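**Student:** Each chain, letter by letter, is given below.
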Amino acid sequence: MPKHRNTLNTDPDSNDPKISRRSFLAMLGVGACLLGAAQMVNLSFLGFLYPNAMKIPPSVFSIGRPEELLSREGKIFNPKQKVFVETQSGKVRVQTAVCTHLGCTVNMVDTGYSCPCHGSTYDRYGRNTGGPAPLPLVYFEVSKGASGDIMVNKSKTTLDWDKAWFNLIG
Amino acid sequence: MAVYQGKPRESWAEYLANLPAMFVRSIFRHNYPNNDVDRSEIVFKNFFLHFHPVKCHKHSLDPFYTLGLGSISTSLFLILTVTGIILMFYYIPTEDRAYDIMKDWQDTTPFAMMFRNMHRWSAHLMVLFVFLHMSRVFYTGSYKSTRKFNWVIGVILMVLTLLLSFTGYLLPWDQLAFWAITVGSNIAGYVPNIPGFEYNVNRVMLLASTNVGQDALIRFYVLHVAFLPLLTGTLIGVHFWRIRKDGGLSRPPDKFRPDPLRVVQRADTKESFAPGVKRTYGLMELVRGTCPTVDKGPYNFVFTWPHLLRAELVAFLFTLVLVLGLSLINAPLEEPANPIKPPNPSKAPWYFLGLQEMVAYNAFWGGVGIPTLMVLGFMLIPYLDRNPHGEGYWFHRSRYLAIFLWTVFMTFQAILIVIGTYFRGANWGWIWPWTETFARH
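These protein sequences, in sequence, are chains A and B. According to my numbering, the residues represented by the first sequence are 347 to 516, in order. According to my numbering, the residues represented by the second sequence are 145 to 585, in order.
The set of hints was computed from the structure by calculation and includes no laboratory data. Since the structure is predicted, the reported quantities are computational estimates derived from the model, not experimental observations. Do not rely on the hints blindly, as some may be mistaken.
[Unchecked claim] Covered by chain A, according to a simulated footprint, are these stretches of chain B (three or more residues, beta-carbon under 8 Å):
1. 146-157
2. 348-354
3. 488-499
Just so you know, even glycine gets a beta-carbon here, dropped at the ideal spot from N, CA and C.
Put together the whole structure using the sequences plus the hints.
**Tutor:** Laid out in structure tokens, this is it:
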């Protein structure tokens, strides 16, 4: 291998390796170091941008006193928690108002629910009937809290609209 | 016998007489460019001009070839940088302040609305002109041969332009902003998660939470004012640098070659040189061939000062006048962000309505799958198009299929945008534009 390479004098017949063993190993070592450093930077970025503690609203919340709920009939939108609270003859059930497609708040319409962002439609039980919504609107578990308030647990969901009822009187 | 004793020491009078000239010379490393030497030196030695070549081909200056679209896009980027930095003096990225500051600009701050409007309309124009520039490059076949990778960089710049627009319209924190972040971060949530993370890592990295709020606003702010502009500026530099290394803008080969026997064809730039001295030089490892001409420049090349700079100035002034004219129209501001109720219909700005229309069919394919495939497809164009002809010609005859496919694709996108803008009403349902009207962005 010549000491100084000259780009104008390239001999196609020579066995001159394009890169010497020494340079190859050196570049391999430097490359491994750079890759390791890049991994550390990547991991630290990923970790830094994904905090361990996030401000997530509590999954259990109150929707009011039982007598309050008993005093009304029908489906009412609770804007703070983005849920529909449906009261019927002493029973209550709570359904999410967040579209399963891309998270907009759905509107109540005659046929059920409809999303203003991308046109997903649901029937009155929350089953997705049209548009891009991939999943139905879930019901949340309702219970009576220690304070006597009616509590909703967002982490416990069901799709069964009959079992979703909670008896306020019993 | 008179012996040269060196330059005699100048007197104070001479020093003072030369002082103004010396001072000017200490700033500028060249004289006024009224001759060819100084015309080349001003480009060579001035920091702000040195990314230009000293000379450029006449064809590159033809306004009917480039239509000035790249220069206009760059001018818009410069205007956006300046107006954006001005707006940063007032803007505070907090949920409870951002919207009020936008409102205050309307009444309390002189010229604030002018700068906000300029920023807003420049952003919209930049998206438009980047797409027009891209189409120009496609229709003239300019992504071929040595310019393949510069097209890829251009595609990345297009994506960055869209990301800058997206992160930008989130900052007023009005209804448009809030629901755009909601939808955008939910689309990011459709990108597959890294196993082992409780929440979708792509979504959390954007929002710093599982729902949209203050933590999300500061992230989009940092992306908009620091990360994305720096990345874009760097890639614009690479884009320009590669144009120079490729020998200027694409053009057809020169029809007239002065003296075929004496012409030196440089393998790297394809410039044809005018005949030079009849002597053979070998500039080893600098220039291929054996007779680089020493007393003539390349044929059909003109000096950058003033020709190219004048063309750039015209493009910049055209852009500035256009943006200033548009700044008389107030940039829209919707109601303050209301996490309870999205506006109905909830529409993105026009350049995302094609995407919104696709998302309205399927979230993953419309929001993640197809856009990714589209960007990758754009990047692959120079490597898939094996037709070597047509570089530097508008609508070259041999490229009928490529031109047809591009036109169909762009028309399809335009139709999606028109449908999203005019034919979608409440609950994203189909309407006829003459029956109902909605706020459009």
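**Student:** All hints are to be evaluated individually against the structure, with a verdict given for each.
**Tutor:** Verification of the hints:
1. 146-157: Three-residue rule not met by the segment 146-157 of chain B, so violated; n is 0.
2. 348-354: holds (count 5)
3. 488-499: Result for this restraint: holds, n = 3.
This entry does not satisfy hint 1, going by the numbered hints stated previously; all others are met.
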